[in-house]
Amino acid sequence: MQNTTGLSLTGFRVTREFGVVRGIVVRSRSVIGNIGASLQTLFGGDITLYTELCEHARQDAYERLCEEASHAPAGANGLYWAPYLMGERTPHCDPNARAAWIGLTASHTRAHMVRAILEGVAFSLRDSLSVFHEIQVPVKTVRLGGGGSRSELWRQIQADVYGQTVEQVATEEDAAYGATILAGVGAGVWKSVDEACDEVVKAVRRIEPDARNTVLMEQNYQTYRRIYPALRQIFHTASD
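For the sequence shown, the numbering used here begins at 59 and goes up steadily by one.
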């Protein structure tokens, strides 16, 4: 019996719990969708013009934004992003939660804002990880999948925020890949989902946390955890 838990951060689901496949979906919205919606706030909700400019320069818009963010320091010079654009579900089951910038100053650039978005989404994912820690389910493997995992900066930020090694899996279409695995098990290609995952889900890269950033990310995460409780009453008053 395996005493491990594996997590996929696109969809953020438990794949193994003590050797038993649970398939518990903790975050039902796409992680990269959350980042995409957050980045669009920098363009008044419409990133189309920026995307067209990037296409003209033969660049991907999100890759270019991540490249900008790489020039901002870890912690984004004290800028925080609460990524509750569509309410929140884990660990705060609150449809009235709203997104917010905290600590924004005139000295912050778009690079700082993009970095704060990436860190804020990673902090929200770590909130989900904390649920497993509270119920004493050990998380020994964190895997990154989907198109967002192509970003070197995004992969590193997650390793630094979680304070542990993360693995990038080969596939970018996790939902379709998972459905194919389930179909294969149903058709008898594999005896179980565990057997199928062991055979076909492969890590192509391991990312170690940067010791220079992990202490700062831990401090900033503790500050981030105070944002939702501090703003909750404002969220609910504004929604009345």
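Among these hints, one or two may not hold up.
[As the list claims (entries may be wrong)] With a straight-line Cα cutoff of 30 Å, these simulated DSSO-like cross-link-like pairs (lysine-lysine) come out:
1. 260 to 249
2. 260 to 198
3. 198 to 249
[Stated by the list, open to error] Pair ranges (Cβ atoms, derived):
4. 247 to 270: 40 to 48 Å
5. 193 to 246: 19 to 27 Å
6. 292 to 125: 33 to 41 Å
7. 197 to 292: 27 to 35 Å
8. 143 to 246: 24 to 32 Å
9. 292 to 250: 47 to 55 Å
Keep in mind that the hints were calculated from the coordinates and are not lab data. Backbone N, C-alpha and C define an ideal beta-carbon position, used for all residues, glycine too.
Okay, the hints, checked on the actual structure:
In summary, the hint linking residue 260 to residue 249 is supported, as the alpha carbons are separated by about 19 Å, within the 30 Å threshold. Proposed proximity of residue 260 and residue 198 is supported: the alpha carbons are some 16 Å apart, at most 30 Å. Taken as a hint, the residue 198 and residue 249 pair is honoured in the structure, with Cα atoms around 25 Å apart against an allowance of 30 Å. Distance hint check for residue 247 and residue 270: the Cβ-Cβ separation is about 45 Å, which falls inside the suggested range of 40 to 48 Å.
Between residue 193 and residue 246 the beta carbons are some 34 Å apart, a value that contradicts the proposed interval 19 to 27 Å. Checked against the hint of 33 to 41 Å, the pair residue 292 and residue 125 passes, with Cβ atoms roughly 35 Å apart. The hinted range of 27 to 35 Å is satisfied by residue 197 and residue 292, whose Cβ atoms lie roughly 32 Å apart. Between residue 143 and residue 246 the Cβ separation comes to about 43 Å, which falls outside the hinted range of 24 to 32 Å.
Hint check: residue 292 to residue 250, Cβ distance near 48 Å, so the stated range 47 to 55 Å holds.
Against the hints set out earlier in the document, violations occur for numbers 5 and 8.
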